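There are 2 protein chains.
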Amino acid sequence: MFKLRLLLTALALSSSLSAMALEPLPTTAPAPADNPTTPEKVELGKLLYHDPRLSSSGTVACASCHNTSLGGEDNRPNSVGINGQTGGRSAPTVWNAAFNAVQFWDGRAASLEEQAAGPVTNPIEMGMKSWDDVVARLKTIKGYQVAFAKAFGDDNAITKANATKAIAAYERTLITPNSAYDKFVAGNKAALTVQQQHGLEKIQALGCTGCHSGPAFNGPGGFQKFPVFSNGYFEAQYHISKDLGRAEVTKNDNDKHLWKVPTLRNVAITAPYFHNGSVKTLDAAVKLMAKLQLNQDLSDADTADIVAFLNALTGEFPHQTLPSLPATPGSTFN
Amino acid sequence: MFKLRLLLTALALSSSLSAMALEPLPTTAPAPADNPTTPEKVELGKLLYHDPRLSSSGTVACASCHNTSLGGEDNRPNSVGINGQTGGRSAPTVWNAAFNAVQFWDGRAASLEEQAAGPVTNPIEMGMKSWDDVVARLKTIKGYQVAFAKAFGDDNAITKANATKAIAAYERTLITPNSAYDKFVAGNKAALTVQQQHGLEKIQALGCTGCHSGPAFNGPGGFQKFPVFSNGYFEAQYHISKDLGRAEVTKNDNDKHLWKVPTLRNVAITAPYFHNGSVKTLDAAVKLMAKLQLNQDLSDADTADIVAFLNALTGEFPHQTLPSLPATPGSTFN
Numbered sequence: 653m654f655k656l657r658l659l660l661t662a663l664a665l666s667s668s669l670s671a672m673a674l675e676p677l678p679t680t681a682p683a684p685a686d687n688p689t690t691p692e693k694v695e696l697g698k699l700l701y702h703d704p705r706l707s708s709s710g711t712v713a714c715a716s717c718h719n720t721s722l723g724g725e726d727n728r729p730n731s732v733g734i735n736g737q738t739g740g741r742s743a744p745t746v747w748n749a750a751f752n753a754v755q756f757w758d759g760r761a762a763s764l765e766e767q768a769a770g771p772v773t774n775p776i777e778m779g780m781k782s783w784d785d786v787v788a789r790l791k792t793i794k795g796y797q798v799a800f801a802k803a804f805g806d807d808n809a810i811t812k813a814n815a816t817k818a819i820a821a822y823e824r825t826l827i828t829p830n831s832a833y834d835k836f837v838a839g840n841k842a843a844l845t846v847q848q849q850h851g852l853e854k855i856q857a858l859g860c861t862g863c864h865s866g867p868a869f870n871g872p873g874g875f876q877k878f879p880v881f882s883n884g885y886f887e888a889q890y891h892i893s894k895d896l897g898r899a900e901v902t903k904n905d906n907d908k909h910l911w912k913v914p915t916l917r918n919v920a921i922t923a924p925y926f927h928n929g930s931v932k933t934l935d936a937a938v939k940l941m942a943k944l945q946l947n948q949d950l951s952d953a954d955t956a957d958i959v960a961f962l963n964a965l966t967g968e969f970p971h972q973t974l975p976s977l978p979a980t981p982g983s984t985f986n
Numbered sequence: 653m654f655k656l657r658l659l660l661t662a663l664a665l666s667s668s669l670s671a672m673a674l675e676p677l678p679t680t681a682p683a684p685a686d687n688p689t690t691p692e693k694v695e696l697g698k699l700l701y702h703d704p705r706l707s708s709s710g711t712v713a714c715a716s717c718h719n720t721s722l723g724g725e726d727n728r729p730n731s732v733g734i735n736g737q738t739g740g741r742s743a744p745t746v747w748n749a750a751f752n753a754v755q756f757w758d759g760r761a762a763s764l765e766e767q768a769a770g771p772v773t774n775p776i777e778m779g780m781k782s783w784d785d786v787v788a789r790l791k792t793i794k795g796y797q798v799a800f801a802k803a804f805g806d807d808n809a810i811t812k813a814n815a816t817k818a819i820a821a822y823e824r825t826l827i828t829p830n831s832a833y834d835k836f837v838a839g840n841k842a843a844l845t846v847q848q849q850h851g852l853e854k855i856q857a858l859g860c861t862g863c864h865s866g867p868a869f870n871g872p873g874g875f876q877k878f879p880v881f882s883n884g885y886f887e888a889q890y891h892i893s894k895d896l897g898r899a900e901v902t903k904n905d906n907d908k909h910l911w912k913v914p915t916l917r918n919v920a921i922t923a924p925y926f927h928n929g930s931v932k933t934l935d936a937a938v939k940l941m942a943k944l945q946l947n948q949d950l951s952d953a954d955t956a957d958i959v960a961f962l963n964a965l966t967g968e969f970p971h972q973t974l975p976s977l978p979a980t981p982g983s984t985f986n
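Just so you know, the protein sequences line up as chains A and B, in that order.
This note's numbering runs 652 ahead of the 1-based position in the first sequence.
This note's numbering runs 652 ahead of the 1-based position in the second sequence.
One chain only, chain A, in its complex shape (with noise of 0.2 Å):
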């Protein structure tokens, strides 16, 4: 009798449901007209992506924040460049970053390309004084030569563009399809359970898929205000108000606290939460979600229910092989 309670809350879950546009994540990611993923950019990507020599002290490379082997970040709520510097923010998963209509938190960024132009010379996190320097230390090494060559067709090939474009290639490869949640959307009803099922009904119901939409469940591109409805004592205990967000970019006041939704694909494993990393679990960030940005105050129950839902868009992380770095002749650093 119980099991049969379950199966037709099941099948109208299932049919309320399938009236939604429900879409599994992508498994290949578009690519800019000037850059098409090529098998041989993306290999130089993975090798440029995982080489700490990108940095003054050889100390951080792209992968040491936004680590492909750790959920695509750092775990921590922000992240340690050059000398133990941190920055004010946290960083970002780079898994499923392709599907994102703009980069960085505050969106200064159009693409991955021009994402990937920045950490490098940001004086706190991988500190090269110039693009210039990086070329000539990758000009001095014999393989990145051949790298470089191979996937742009030109022997004067080491560029910040190339090195950019490359590094782009690679990351539109880093994609975790086949989640609890691709599986149900693709016609296995038993992928989610019944409580991740109701997890999904209330996401939809309560609103979170107004910003949160799409197979990456990170809007369709914009930016959305944090908080939308003001809260000083949740405001003082994580200090959420106190970066401008895309307004630090703009100096427009209309930009006030508006940040780039993130995706929530693996959320579940890429803690802890919001742009300063101050929240800890999954389960107080969802509460406070629905406080700042909704005004609901969910119950334990309902909480328990979207995070079980959340942790079904955790996917499958292909397999990479550990890249092999070309050699450096003599020593680089002092």
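Each hint should be verified, as a subset may be incorrect.
The list cannot tell twin chains apart, which means a pair is met if one copy fits it or any two copies do.
Derived DMTMM-like pairs (lysine to aspartate or glutamate); straight-line CA-CA distance at most 20 Å [unchecked claim]:
{"hint": "1", "residue 1": "K794", "residue 2": "D935"}
{"hint": "2", "residue 1": "K854", "residue 2": "D949"}
{"hint": "3", "residue 1": "K877", "residue 2": "E675"}
{"hint": "4", "residue 1": "K794", "residue 2": "E968"}
{"hint": "5", "residue 1": "K854", "residue 2": "D954"}
{"hint": "6", "residue 1": "K943", "residue 2": "D954"}
{"hint": "7", "residue 1": "K791", "residue 2": "D807"}
{"hint": "8", "residue 1": "K791", "residue 2": "E695"}
{"hint": "9", "residue 1": "K812", "residue 2": "E692"}
{"hint": "10", "residue 1": "K908", "residue 2": "D895"}
{"hint": "11", "residue 1": "K781", "residue 2": "E766"}
{"hint": "12", "residue 1": "K854", "residue 2": "E968"}
Simulated from the structure, these hints should not be mistaken for lab results.
Computed from a prediction, not measured in an experiment: that's the story for all the values here.
Since chain A is already given, all that's left is putting chain B on it; use the hints.
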């Protein structure tokens, strides 16, 4: 005629070399009786080795300084631990470390297991307060509970002893066979160029292989004095004698300036050189060793031959999959 002379030279060299004990690198490493190598331990050890959550800040893994992608070390004179701190010694390569008779530059660990325990709680390296803290943290990560149980067949298997055993088991798989030298030793006389064969002959004639002996060119075990011949100029230039080596551990004057003989395997790709990483190029390192250990002033031509040979000791790095680290529940780091 020129070709004939080259051929005759090559034949003469092979003939003179064939009388000596040239040994290929073993493709497996011996394991201690209480830690037989198993696939489950190797897999777990690979995770732990690449996991920055074994450091207090979540930013430094074993692989940060002993980078499996980058010749097994970090190409720096000294390594960078938590909070940007640096030590006084250069990270030795992890590749083929299984063939060292002792571990650390000063040989203070008798085994890979013992070595693995050190950096994790070193305050300037990975900075954990104690292994109890490491164990407590690992126990919060469900994937580690599973992986330790698989490797050690016990539900309560997360211990310091098992963690270091697993790391050591993984490190025993980090072997780089099939260098040009190994192919030469196996009978393919064309695997070494004539210049490389000259280099091989010279390191034997000069006496380099007195200490750098055996298949890994790291001696039969024990320690050697460095420098053997005092030289105020070079000792000052490279700060070579400031660090007392083994005596820093034993506090015994007889151990002053005794060091573990490092492997020459992959030496061409693991600059900078010596315990303090003070020498940036292989040419300079070869000349300095000849001067300080053998009281020989090497000509540029002899140096070039030896460097050519040392390049033949770069092996094949086996393909490994990029580790997929088990997810953190919530966030551990502040």
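We went through each hint and held it up to the structure:
For a Cα distance limit of 20 Å, the shortest separation of K794 from D935 across copies, 18 Å, qualifies, whereas the shortest one inside one copy, 49 Å, does not. When the C-alpha separation of K854 and D949 is checked against a cutoff of 20 Å, the pair qualifies only within one copy, where the shortest distance is 13 Å, while the shortest distance between copies is 79 Å. In this assembly of identical chains, K877 and E675 lie within 20 Å of each other by CA distance neither inside one copy nor across copies; the values are 25 Å within and 67 Å between. Proximity of K794 and E968 under a CA criterion of 20 Å is satisfied inter-copy only: 17 Å between copies versus 35 Å inside one chain copy.
Proximity of K854 and D954 under a CA criterion of 20 Å is satisfied intra-copy only: 8 Å inside one chain copy versus 76 Å between copies. When the C-alpha separation of K943 and D954 is checked against a cutoff of 20 Å, the pair qualifies only within one copy, where the shortest distance is 13 Å, while the shortest distance between copies is 75 Å. In this assembly of identical chains, K791 and D807 lie within 20 Å of each other by CA distance solely inside one copy; the values are 11 Å within and 51 Å between copies. Proximity of K791 and E695 under a CA criterion of 20 Å is satisfied intra-copy only: 17 Å inside one chain copy versus 36 Å between copies.
For a Cα distance limit of 20 Å, the shortest separation of K812 from E692 inside one copy, 17 Å, qualifies, whereas the shortest one across copies, 42 Å, does not. Taking identical chains as interchangeable, the C-alpha atoms of K908 and D895 lie at most 20 Å apart only when both belong to the same chain, with a minimum of 9 Å there against 55 Å between chains. In this assembly of identical chains, the alpha carbons of K781 and E766 lie at most 20 Å apart only when taken from the same copy (18 Å versus 40 Å across copies). In this assembly of identical chains, K854 and E968 lie within 20 Å of each other by CA distance neither inside one copy nor across copies; the values are 25 Å within and 54 Å between.
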